[in-house]
Amino acid sequence: MSAKTMEQVQAELRGKAILVANRGIPARRICRAIRERFGAVAVMTATDVDKTSPAASAAQELMLLGPTPSAYLDLDLIISKAKARGIVGIHPGWGFASEDDSFPRKCEESSINFIGSTCESMNLLGNKVQARNLAMRLGVPVVPGSEGAVDIEGARDIIKKIGLPVMLKAEGGGGGRGIFVIRTMQELEDAFVKASTLAEASFGNPRLFVERYLENVRHIEIQVIADKYGNVFAFDERDCTVQRNHQKLVEITPSPWPRMTVELREQLKAYARKLVKAVNYHSLATVEFLVTRDGTPYMIEVNTRLQVEHGITEARYGIDLVEAQIAIAFGAELPFNEENTQPQNWAMQVRINCEDPQNGFTPNCGRVDRYVSPGGPGIRLDSNLCAGYDFPSNYDSAGSLLIAFGRSWERILGIMDRALEEYTISGIKTTLPFYRHILENEEFRKADFDTNFVANTAELFNYEDLAPEGERLSRLVAEISAKGYNPYVNLGKYRTVDTPRLPEFNPVLPHISGSDRYAPSPYPHRRTELLEFLRDSKAVHFTDTTTRDMTQSNTGNRFRLAEDALIGPYLDSCNFFSMENDGGAHFHVAMMANMTYPFAEAQAWNRFAPKTLKQLLVRSTNVLGYAPQPRNVMNITGEMICDNYQIIRCFDFLNDMRNMRPLAEVALSRDDVVFEPALSISVAKGFDVDHYLDVTAATLDMVGKIAGCTQKDASRLIILGLKDMAGVCSPTFITKLVSALKKRWPDLVLHFHRHATDGLFVPSAGAAAKAGAQIIDTGLGAAVRTYGQGDLLATVAYMENELGLKTIINKDMVQQANFVLKQIMPFYDRYCSPYFQGTDYSVVSHCMPGGATSSSQEGAMKQGYIQLLPYMLRFLAAIRQIVRYHDVTPGSQITWNTAFLAITNAYKRSGEKGVQQLLKIAETVAVTPEEQMDDDLKIQRLEIYRDCNDAFRNLLLGKFGKLPLGWPEDWVYESAFGPDMYRNALSSRTEDSPLDQLKDVDIAKEAKACADILKHTPTQEELVMYLNHPGDAVKTIQFVKKYGDPNRLPLHVWFEGLKPGQELQFTDSSRKPHKMTIFRVSPVTDHGTVNVRYTFDSTVMLQEVKVAEGHAQQTDTAMADGNNPYHIGAPSNGDLWVVHVKPGDIVKAGEEVFNISIMKQEKAVYAPCDGIVKRVLKSADYQTTRKMTPVREGELIIELGPCPMVCSNPECGKALPSAAMNFCPWCGSPIEK
Amino acid sequence: MTGAASSSLDIASALHERGLLPEWASVLCLSQSAGRGQMRRAWASPEGNIYAALRLPDSGPFATFAAAPAIGGLMAEALHCEGFPVLLKWPNDLLQPAEGMAEGLLPGRDECRKVGGILLEERRGALVAGIGLNIASAPDSSTLRDNYAFSAGIIHSPQKAAQNRINCEKANKSSASEMIFPLWKRLVERIFSCYAYSSDPALWWPALAEKYLAFRGCRVFLADACPEDDTMARVPCEGIVDGVTPSGALRLRSEHGMESYLGGSLLPRQGKPPFSGE
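Chains as they are written, first to last, in this note's numbering: chain R, 238 to 1470; chain C, 124 to 401.
Don't take every hint at face value.
Stated by the list, open to error - Negatives, chain R to chain C, calculated, CB over 10 Å:
| # | residue |
| --- | --- |
| 1 | 252 |
| 2 | 661 |
| 3 | 746 |
| 4 | 764 |
| 5 | 1374 |
Claimed, not checked - Here are the computed lysine-lysine pairs in the DSS-like style, where the Cα-Cα straight-line distance is at most 27 Å:
| # | chain 1 | residue 1 | chain 2 | residue 2 |
| --- | --- | --- | --- | --- |
| 6 | R | 431 | C | 308 |
| 7 | C | 334 | R | 431 |
| 8 | R | 851 | R | 720 |
| 9 | R | 318 | C | 334 |
| 10 | R | 318 | R | 343 |
No wet-lab data here; the hints were simulated from the structure. Quick caveat, the model's predicted, so the values are computed rather than measured. Built from N, CA and C at the ideal position, the CB exists for glycine as well.
Chain C extracted, bound-state conformation (with noise of 0.2 Å):
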């Protein structure tokens, strides 16, 4: 654990680069000077929230592309146990409903927010998830890139032993590595034993995020989708969120019939109802 920092996923590629990040390991700040998102975009990173880098293992669904859904879906799992219910936006953003509206399928843009994201990194031959969790405070949408998908969000329970209990923590800050450090350390934990202990290899992951997968059912946009069968394209395209395959796809029922896409920005379609495709 950090105090400040540039970034966890910094300290994790030097304490590789030294041999001293083995597989499981990871490295939690409390706050990061510059925090990043997908393609550099800057991630606020004020204390009170989860900066971590997780080094993940180079076997199972972490040797393939299919390494971000099922790192999301062992997040969202993990999440869910301490109370959390958020959803997987394919391939791993989490997302909640906003505060007051209604578990399980999100409805739509404007009632989803972003609660945390996970960014993948291999670098040397390590694959590192930076992996973060809004747990104190959320970046205004002002600040936010323009275009962006979802509104920030602070990550919430329903349940009120847990939401009194990051309340509390909350309440504490005069000491928030004291608040932050267990909530990660028994994140990392439901993770690590729900990964190492699952018998089938090719098959809980899948299953795993498809439980929690935000949107099943709805009707999406994907933009800049790239097909499994046609890695060189990208194209548009809209449909109702299937599933998710065993390559770490996403599985979409559209007009053409069942597709699956290995890249794209998911985004919910407002306005219309599900299609009727049987």
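Pulled out of the complex, with its shape left as it was, chain R reads as follows (with noise of 0.2 Å):
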């Protein structure tokens, strides 16, 4: 035969039928060169699954081969198809029937040409064994091992020659499976017997080879092609050093390692020729080496078809391998040489998989959401993949092979690194993320690595797996569209799908003059340039509290850093001492319901606002909790408020200086932010301008002793805050309060805040300013509410026009902002707090301050309890001048419930008369001095705190710090803790600080602690959250990863999520834009799902929603409560066949109780606790009834309750119906107590 020109091939072949035998990548890749190069018919095999994956559209027709997944090893089926359509030469492809040497054959039976070699060098070069042997022939190095299968003896002989460590191959094996490495020679015996077993079971041929184990070696292959006429071709090497498992991640040509010289390469190809030439193979070959650091090579194997990493040789010299493999198997000269065949271009392929590296490479199946592919110059993909696309669990979990070609190792890191952020695959886990993170890897960019570099280089796998931001973010959008309402606000379900909605948000925001924005501020930001600033000034000073005490108070802290950000830039403009943003109920809010980090919130106003002071509110020894916390978190939390923060300011609700001074050590050690601990002001009997002159004292002596100066001087060191929570005091009041400490101490600064609840806000905050207090609180006029601060355009006019003050507010900018504020406003007005508006002059009785008046009253009209309001509010007016501290929180709260809970108890047990008569004695006694007091009414007035909680006896024991004027009288505890115990508590009172009790947690275990929760190590600002807030902490964090950062969607869908139809653009925290629009909203499941299709950007996506309990679950199954100890539920589908109980059993912990057999699968379930069997839903005796009860994972099949008390005759053991029997019921036998 001579040989044919390609243009002959080609000309023979037009028109022709070229069957692939294969799927997937190769299957497809083929497919094109069959179509390009020669104009023939391209034709696929495909099972049932295949039949319309994305690799089948290279075909133009398909061969069906049935619903068997396993029938592409079918050849008889394949060829006798084949024969019948007329096909002319058929290519194996990789994997599957490939290397099966009966191919050729089959196919030459049948007059069908093979596109690959012979039958006889297939098996020449492609049996392991015999390479081997041929390779020695030639006097090319293998690794010294065995000549041949042999025997445990043989092993053991062979190793005494060529010493440890060995391993053990299967002579059938290929893709390191079936390979044993042995280091002693007592582990040989057993791993012969697994590696012999295991080789039978997976290549049906148990013999073992024996070699030397080499170490620290980098897996170097070359390609090599030759055609029917002797005429070889050796291309430059490939290095697949990456692997796992000896399963190639990443392939390079040529090598990138140093130690790859010209004379190796030349070496290693010519041995390839040799090999090849020898047998007179024709077709691709690949003969495989292992590289020692030293440049040691030696032949592994040679592999007798198209490989999965040819095209990386392909892009490195710009040939088609495919072209050339086709054309040859139709008797073309080999179209290469050295002349023509010149290599250009690195190369580099990683193989994208459907793996999780992370959970040990375990392939997965599943639809591919979402799919957008690389591109662009240097990028060449072969993929198997498309949105929409089922990923079948039939085959091997090659998703793609993406390689980047360029001129050099350096560009082609760049181009692969940039095509692997542009590769977005969704809905199933890839290796992607995986190689992005190889690409980051030091030692992988210089090429120092070999082959267990995946194996030991832990870091690769420490990354988070997740989507682009805005994909997640739609979901989030989806969720809250199909919902009706934003479940993570926490306002329950305050609105459906059907609800009316707000215009859509969309703010118009006025320009802000370049002259204002950077115009610096006035303020000094060192300390001491500050408080001189201030104590020199002539002006009266504004602290803006918009985004924190007046919004917490009037919209529960719902205001978002979102919309932050969008009056940020105004109110920094307005020439304000600070802006209070953060502190108190806030801080817990951003993680509760806001699903912000709040120091994140804090940096992000710092970048937007610049320029004005921030201030913070501490809560004394709770910091930014609800209770106290130890001196090592105070600390930790404190640092890291200073770093983000100017002005710290710090309450008790008991005035207890004591507890502050954690706080005021970490503050009075920097010159960057300013102490200021605030007074807790009430006005009551006892609570008058002395008793905060030496609350006032106490405090400077306290700085005193830190700063390590006299009161006076430390008078000069902070700022003091006098804070009426509630906003009753009089402008009398204030005036003689700021008075009297301007006298005593002239220096001092004094900042004074107050609420507008009692609609005094404007003379009171003049009075103040006019006694001589140099800071004010107040807001926005836009957010004036309630409960808030007041007016601050108000109260400028009225001291400017009214009292001849003077100030430095810049109101032009405070118009804006206000208008900006007013855009906002309708949607936290209308969702956050639509109840009780309006000012309340009845706050200077009880006192409830800021938001605790909203929210406690909402509380009773949730609990339908509203009718009792007016009572609650006397009942608190009449005991706070009973037992006296300030009611900010937590005192606030103990307040309000000791109210909540008698009056609701006494309610309980005698209607409304029993209320009437609990408030008359409550307000007789507030106002009887004790000498004047009945015996009648000493009795009486222990029903007042009957029915208090434990956070009211705890402050009576002193465990929250000293009451500001002292213990209570004695009956106060008598009621408290009743007639027996309150001796007891009387002398386990405490004038201690909270803080000397507690101790110091273990920072480093609360971090593994969290780390375990999260899955990963637990940034310093997600530490410091989790020590504050461990539960919404981590709702926090886990969101953000879920979905990202909420605050790049707006407020309407934010609250309200999308209609169909409705378009929403949004940016995602990389500044990219993207769009969504909802198409449809399917009808409610009877699993309780809905399914939202819409469009992000330009894929269609399909979200499954949750919108409400499935019927069939309401109706048929009872569900266990996992946090109920005395639900037992099935712990997974199945049948029930066995309950070893019955109503009325006492169960001891870890009895079994029931068994379910599912797939034959036979599950004994325990009962979690002792207890009595309350409550059998489902039953089954088998082994009577011949009859099993299906049952769902999670479904209630037994209640237990509280064991109760058992008769003490072992005989008898029953459960008896009534504590204070004294004989068993049962068996009549005295009951032992």
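Fit chain to chain and form the complex, with the hints in mind.
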């Protein structure tokens, strides 16, 4: 036969059918060559599951193989169908039957051209033992080892000859399977049996051979191609060293390894050519070598087929190996020679597999939700993926092959890096993020690695596999839209999908002139200069509380960072002394409802409003929480606070200044922050001007002690806050107090804070300023409601026009800020605070502070006690004259709960009449001096605190700190603790600071616990969040991981979601714009779910959202409550076949109560605790009835009750109906108690 | 290894409670006084057969419903390596054609013998497979429960060597332990290596189970079948055995197309040829 030219082969094949007996990536790759170079008809085999695969689109015809997934191996079926179709050639691809040496023989028998080599030469090179013998004969170095398969004795002899370590390899193996490493002689026998069993199971051939085990090697291979006329061409090496379990992950050509010399390359190519020539092999082959660190090569095997990584050789040379392979199979002469085939590029391939590297590379299958492929210069992509493709479980997990090529190693690193960033595959886990991580690895970039690189580099697996943020946020929008309300804001189901919406939030933002924006703040930022400035200034200064206390009080803190960022720049240019933008409940609610990291929020503020000082409110020992924090938590939180805020206001509801000390120590140690201890101020008997002067003196003493100075000097180091948290101080009172403070400490800077609840905000603020308070808290008029601060511009007007005071406020800028805020407020008014608006002068009697008024009153309403609310407030007014402290967190909660419990329980016991009676007692006791009290009243007053809770009792015991006016009278204890216990209570009172009681927490241990929950090491901010509010911190961190930053979504979408057809445009955290429109929300299914179909950017997405409880479950099946230890549920779906207990039985923890069978697997279920069986919801006794009962996972099967007392007679042991019995009703024996 | 015992599963359970039963540890009893099958059915356990309990790991298929066919496939593989060509009746009974019948697909109920059974029990977090293999004797049909599916039979080998080995071991009845123990040890070793060195944890076992699946391509009846997509339903159904899904379900080709079932008792349907569904 004479050699044909390429043109002849092309002419011969035009219009003829060539079959690719394969699927997926190789089938698509080969079909492309068949079509584009030969004009032949590309036919691809396809089983049922592959008929519609993306790869199938490359074929002009499919040869259907039926439903059996393994049909690709059925050569007889394939060949008979090929014959019927008139196929002229079959390409086996890689994998499947490509290395079955009977394939060429069977093709030949059917007169079909096999696109590969012959049966004989495939066998000679493809069989490892044969190839090795051949290599030794030709002088090609091989790894020392046995000649052919050996038994255990043979293996032992070889090891004696070549030394340890060695490998046992399966004769029929490949791809790294069936390899065992032996390091000591003792391991041999055991490993041999295992390896042989596995070899038999895997390859149907138990025979093993032995080889020297080489360490620190690189895997280098040479691609060879030969024609039928003895012409052979070897290409430059491919470096496939990055492997996992001998499976190649990354392939590179040429090798970037510095020790890969020209000489070594030529030597390897010469060996490869020699081997192929020796057996008259034609077609493609790859000769694989291991190369040790010193550059010594050992031939390991020859692959007699097209390989997965052939593409990088094509990219290096600009050639098509498949085309050449087909042409050679049809008799063409080898088209490559040293002149016409010169390397030009570097190339790297990564194998994108549908596997989860973080879970041992387990394959996964399922629907590809989103698919965005990379492209551009230097990229080649061979894939079997597209959006919407249901990746099948039947075959290997190869999703695509991504190749980057360019003129240098650095260039392809850059191209690959970029392409991996561009590439999006959502819905299933892939190795994409893993490769991004490999590309970042320094050793990889330096090409300094060996075949154990992946196994030995644990940090490669340390990454977060997250979909792009825009896509994650679109899922959140789908969820809110389907529900009609946002479950994360924690306001219940405040609307439905059908509730009329507010107009879309598209705020108009007036331009801020450059002169305003860039004018520096008039306030110095160093403490000494700042305080000097305030003392010397003749003006009144203002703190803006709009984004914290004002909206905390009015709208429960739901004001988001997103809206802060809108008004922040305006506020920043108003010439405020400070902006209070965090602290109090805001820190907690940021996590609980706004899904925002509070310190990240602070940093954002410092970026969009950089000029003005930021202020934060701290609750003394509780810092930013609701219970006292240990000293070390206070310190670590305090440091983080001082890094982000400049004015640290701190209050204690008992005015016990010792409680502030740890925080004062942190704040006073820095000259970039000002410590502002605040007096909690109420108006009541004993809380008069002299009292507050004493408290101030104690405060200054504490500061002096820390700073090592006198009380007078201490008064120059701080700002003193005057915190009237309810809005109860009259202008007269505050004038007196400020004047007295000024007189005693003329240098002390005073900062007045009050609420607007009583309606007297402006005159009181004016009075404080007139009397000498330098700084006043106010807010923007657009946010003035009932409970927060009063209006800034009204206050300024009153001060300037009526009182003749001076301010430096930029009023035009305030108007602009107000205009922006007006557009924001409707959403918060409607969804966060629909109740209890309007001023309420009665606050001066009941004194519930700021936001606590609305939240507690709402609480009463939601629990169905609105009719009792007037009584609760009257009761409050009375009891705050009996035990006196300041009604601010946590005091306000304690007072409120005491009143709520007293009134509701009195109502439950004796109705309205009982409530009236209790009120009468409380109100009489409040105003009657002890000596005028008759005996009846002394007994009746014990009713007042009988229903109080532990928080109030702890307060009485001194556990929150020293009460400001000393211990209450003894009868209060008798009422709260009861006649038996109150003497103990009296004697266990303490005046120690609660800080002394609290042990430091083990922060390392907490960090570990946090990491275990989060599955990553928490950042310092995450740790501080966790130490303060563990539950909500975890919720927010997990939310952000799942959905991204919710502040990227506009206000209306956050509260209402989208309606179908409505378009949403938003930008993600990297400022990338996205577009989303919901097409349709399906009707609710029986399981309570809906499907939301929407477009995100240009992809159609589908999201299932649970919007209701499933009907089926609601009506038929009670589910076990996972938090109730007495509920025993089914551990999985299955058949309940035996229940061992019946109602009334006593069970011990760990006793088997029922058993479930699923797939012939029996699962025993045990009682989680001791108890009595209350209900058996489903039962079965298979052995008697031959019937089993189907059960659902989580379904409640048995409900236990608390273990009652049991008869002490061991013979009986039955439960006693009442603990008061003296004799067992079952057996009559006496009960031992 | 124990001599007579109540049941190997009981011993395994007791060992586990004392923390003495690591994964892949096994208990072998020479005879059992209270051997049990599914739903506490009695398993006749005279001396000479294998009555073993094998603790399985809590990962891969063993963490899922697929545990039964997975261990069934492994057991079949191990027995094949020892020269006993058993087939796996989904999910995990071991069948052989009656002696003298042809190898390969099992033709029908009368020609099949159940030579072994596997019961999985999950107790206190440990999944233990109770494995019974009829080496020396099999219970007579009269002692089996009513409406039993298959007659019991003794495991046998077409390979002379393997058969001889077992015959020879049987002949030497004086020390049942000497015969049973090495065989069990080899089986466990083979099961373990086959499991431990399978590189592809998600896919190896369905392939293995399908390799030995009995009645593949045959028409069968599945009583009380539990459809995978409606786990509360129990329906009778009929179809042609197609294979096993990665979730462990049996894939049947029926008039309604391809369906998969998580539970049910499987019986070959006799007398009718496989219908042509294609």
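Each hint, compared with the structure:
Every CB of chain C lies more than 10 Å from the CB of residue 252 (chain R), the least distance being 31 Å, so the non-interface label holds. Under the 10 Å C-beta cut-off, the non-interface status given to residue 661 (chain R) relative to chain C holds; the minimum distance is some 24 Å. Distance to chain C confirms residue 746 (chain R) as a non-interface residue, since its nearest Cβ pair spans about 53 Å, more than 10 Å. Consistency note on residue 764 (chain R): stated as away from chain C, and its beta-carbon is indeed over 10 Å from all of that chain's, at 60 Å minimum.
The claim that residue 1374 (chain R) lies off the interface is violated: its Cβ sits roughly 5 Å from the closest Cβ of chain C, which falls inside the 10 Å cut-off. Annotation: proposed proximity of residue 431 (chain R) to residue 308 (chain C) holds, straight-line Cα distance about 12 Å (limit 27 Å). With a C-alpha separation of about 20 Å, the suggested pair residue 334 (chain C) and residue 431 (chain R) falls inside the 27 Å cut-off, and the hint holds. The straight-line distance between the Cα atoms of residue 851 (chain R) and residue 720 (chain R) is roughly 37 Å, outside the 27 Å bound, and the hint therefore fails.
For a cut-off of 27 Å, the pair hint linking residue 318 (chain R) to residue 334 (chain C) stands: about 25 Å separates their Cα positions. For the hint linking residue 318 (chain R) to residue 343 (chain R), the alpha-carbon distance of about 13 Å falls within 27 Å, and the restraint holds.
Checked against the numbered hints given earlier, the structure breaks hints 5 and 8 and satisfies all the rest.
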